[in-house]
Amino acid sequence: MTDHGHHIELDIKAVAEDGIFEGYASTYTVDQGRDVVVPGAFAKTLATRPASRIKMLRDHDHRQLIGQWIDAKEDATGLWVKGRLLLDIAAAKEAYSLLKAGALDGLSIGFRTLRDRWDSAKKVRFLEEVDLREISLTAFPMNESAAVSTVKDDEFAQRVVAAINRATAQITRA
Numbered sequence: 001m002t003d004h005g006h007h008i009e010l011d012i013k014a015v016a017e018d019g020i021f022e023g024y025a026s027t028y029t030v031d032q033g034r035d036v037v038v039p040g041a042f043a044k045t046l047a048t049r050p051a052s053r054i055k056m057l058r059d060h061d062h063r064q065l066i067g068q069w070i071d072a073k074e075d076a077t078g079l080w081v082k083g084r085l086l087l088d089i090a091a092a093k094e095a096y097s098l099l100k101a102g103a104l105d106g107l108s109i110g111f112r113t114l115r116d117r118w119d120s121a122k123k124v125r126f127l128e129e130v131d132l133r134e135i136s137l138t139a140f141p142m143n144e145s146a147a148v149s150t151v152k153d154d155e156f157a158q159r160v161v162a163a164i165n166r167a168t169a170q171i172t173r174a
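In our numbering, the protein residues as written are 1 to 174.
Just so you know, these hints were derived from the structure itself, not from any lab. Fair warning: this is a prediction, and the values are worked out from it, not measured in the lab. Among these hints, one or two may not hold up.
[Claimed, not checked] When the alpha-carbon atoms are kept at most 20 Å apart in a straight line, the in silico EDC-like pairs for lysine to aspartate or glutamate are as follows:
#1 123 <-> 18
#2 93 <-> 59
#3 73 <-> 119
#4 82 <-> 18
#5 55 <-> 74
#6 55 <-> 116
#7 122 <-> 18
#8 82 <-> 116
#9 93 <-> 131
#10 93 <-> 17
#11 100 <-> 116
#12 73 <-> 17
#13 44 <-> 131
#14 44 <-> 75
#15 123 <-> 74
#16 123 <-> 17
#17 100 <-> 59
#18 93 <-> 61
#19 122 <-> 17
#20 82 <-> 128
#21 55 <-> 88
#22 82 <-> 59
#23 44 <-> 94
#24 44 <-> 128
#25 82 <-> 119
#26 122 <-> 59
#27 44 <-> 119
#28 122 <-> 75
#29 55 <-> 119
#30 73 <-> 131
#31 44 <-> 17
#32 44 <-> 88
#33 93 <-> 74
#34 123 <-> 71
[Stated by the list, open to error] Per label pair, the in silico range of CB-to-CB distance:
#35 102 <-> 70: 14 to 24 Å
#36 76 <-> 119: 34 to 44 Å
#37 73 <-> 124: 44 to 54 Å
#38 86 <-> 121: 43 to 53 Å
#39 20 <-> 123: 19 to 29 Å
#40 120 <-> 88: 46 to 56 Å
Even for Gly, the Cβ is constructed at its ideal location relative to N, Cα and C.
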């Protein structure tokens, strides 16, 4: 059984003309499904499965393989990924256009839970170890802790978006 439910807004740094983009597929915050990925939860997957073997899908649909992950690593924020849309595939070209326009801005991880812990006081499930199978581009993220960045390389717009993201993060924590 695969869990689908840990979604995050894609923090897009830029979508290059060659279809390369990066952002966070997961952060260590509570999502709308009351799940929290614990730092290190992806360690075993990342040690045994190269990023290129983690599938890039559209909306968790295995028939919609749209690209390839180039890099994936855990840092202090969460699971950072870099991927390339394969623009000769129709669905990837569509995703690229939607990303550039800012209409598609979410990432969602598809995984099997290997070890978790329920905190009844906080009513939160801590995902301590997961088998990461795929990361999907999606329009409806559940984890809203990472906000959307700009897809343009305009410095002023990036500063405005960063300020909005900080304010959104404060509101989300409240």
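Going down the list of hints, with the structure as the test:
The suggested pairing of residue 123 with residue 18 is violated, with an alpha-carbon distance near 43 Å, which exceeds 20 Å. Annotation: proposed proximity of residue 93 to residue 59 holds, straight-line Cα distance about 15 Å (limit 20 Å). Between residue 73 and residue 119 the alpha-carbon distance is near 27 Å, which puts this suggested pair outside the 20 Å criterion. Under the criterion of a C-alpha separation no larger than 20 Å, the hint pairing residue 82 with residue 18 is consistent with the structure, at around 13 Å.
Taking the CA atoms of residue 55 and residue 74, the gap is about 17 Å. The hint holds against a cut of 20 Å. With a CA separation close to 23 Å, the supplied pair residue 55 and residue 116 exceeds the 20 Å bound. Using a Cα cut-off of 20 Å, the hinted pair residue 122 and residue 18 is violated, with the two alpha carbons roughly 44 Å apart. Between the alpha carbons of residue 82 and residue 116 the distance comes to roughly 27 Å, so the proposed pair goes past 20 Å and is violated.
Of the supplied pair hints, the one linking residue 93 and residue 131 is violated, its CA atoms being roughly 29 Å apart against a limit of 20 Å. Note on residue 93 and residue 17: the hinted pairing holds, with a Cα-Cα distance of about 11 Å set against a maximum of 20 Å. A hinted pair counts as satisfied when its Cα atoms are at most 20 Å apart, and residue 100 with residue 116 does not qualify at roughly 36 Å. For a cut-off of 20 Å, the pair hint linking residue 73 to residue 17 is broken: about 24 Å separates their Cα positions.
A hinted pair counts as satisfied when its Cα atoms are at most 20 Å apart, and residue 44 with residue 131 qualifies at roughly 8 Å. Restraint check: the Cα-Cα separation between residue 44 and residue 75 comes to about 15 Å, which is no more than 20 Å; the hinted pair holds. Between residue 123 and residue 74, the direct Cα distance comes to roughly 25 Å. Violation of the 20 Å bound is thereby established for this hinted pair. For the hint pairing residue 123 with residue 17, the CA-to-CA distance comes to about 43 Å; that exceeds 20 Å, so the pair is violated.
Taking the CA atoms of residue 100 and residue 59, the gap is about 18 Å. The hint holds against a cut of 20 Å. This hinted pair checks out: residue 93 and residue 61 have alpha carbons roughly 16 Å apart, not beyond 20 Å. Distance check on the hinted pair: residue 122 and residue 17 sit about 44 Å apart at the alpha-carbon level, beyond 20 Å; violated. The hinted pair formed by residue 82 and residue 128 fails the criterion: a straight-line CA distance of about 23 Å is larger than 20 Å.
A hinted pair counts as satisfied when its Cα atoms are at most 20 Å apart, and residue 55 with residue 88 qualifies at roughly 17 Å. Restraint check: the Cα-Cα separation between residue 82 and residue 59 comes to about 18 Å, which is no more than 20 Å; the hinted pair holds. Taken as a hint, the residue 44 and residue 94 pair is broken in the structure, with Cα atoms around 33 Å apart against an allowance of 20 Å. Between residue 44 and residue 128 the alpha-carbon distance is near 11 Å, which keeps this suggested pair within the 20 Å criterion.
Distance hint between residue 82 and residue 119 is unfulfilled; the C-alpha atoms sit about 32 Å from each other, more than 20 Å. The straight-line distance between the Cα atoms of residue 122 and residue 59 is roughly 29 Å, outside the 20 Å bound, and the hint therefore fails. Distance restraint check for residue 44 and residue 119: the Cα-Cα separation of roughly 23 Å exceeds the 20 Å cut-off, and the hinted pair is therefore not satisfied. The straight-line distance between the Cα atoms of residue 122 and residue 75 is roughly 25 Å, outside the 20 Å bound, and the hint therefore fails.
For the given pair, residue 55 sits about 31 Å from residue 119 by alpha-carbon distance, which is inconsistent with the 20 Å threshold. Taking the CA atoms of residue 73 and residue 131, the gap is about 14 Å. The hint holds against a cut of 20 Å. For the given pair, residue 44 sits about 33 Å from residue 17 by alpha-carbon distance, which is inconsistent with the 20 Å threshold. Proximity of residue 44 to residue 88 is assessed by CA-CA distance (about 33 Å); at most 20 Å being required, the pair is judged violated.
Restraint check: the Cα-Cα separation between residue 93 and residue 74 comes to about 28 Å, which exceeds 20 Å; the hinted pair is violated. Straight-line distance between C-alpha atoms of residue 123 and residue 71 comes to about 33 Å, which puts the hinted pair past the 20 Å bound. For residue 102 and residue 70, the Cβ-Cβ distance of about 22 Å falls inside the hinted range of 14 to 24 Å, so the restraint holds. Checked against the hint of 34 to 44 Å, the C-beta distance between residue 76 and residue 119 comes to roughly 22 Å, which is inconsistent with it.
In this structure the hint that residue 73 and residue 124 lie 44 to 54 Å apart at CB is violated, the actual value being about 25 Å. For residue 86 and residue 121, the hinted distance range of 43 to 53 Å is satisfied, since their beta carbons lie about 46 Å from each other. Between residue 20 and residue 123, the C-beta spacing of about 39 Å breaks the proposed range 19 to 29 Å. Distance hint check: the CB atoms of residue 120 and residue 88 are about 50 Å apart, consistent with the given range 46 to 56 Å.
The structure fails hints 1, 3, 6, 7, 8, 9, 11, 12, 15, 16, 19, 20, 23, 25, 26, 27, 28, 29, 31, 32, 33, 34, 36, 37 and 39 (numbered hints given earlier, in ascending order).
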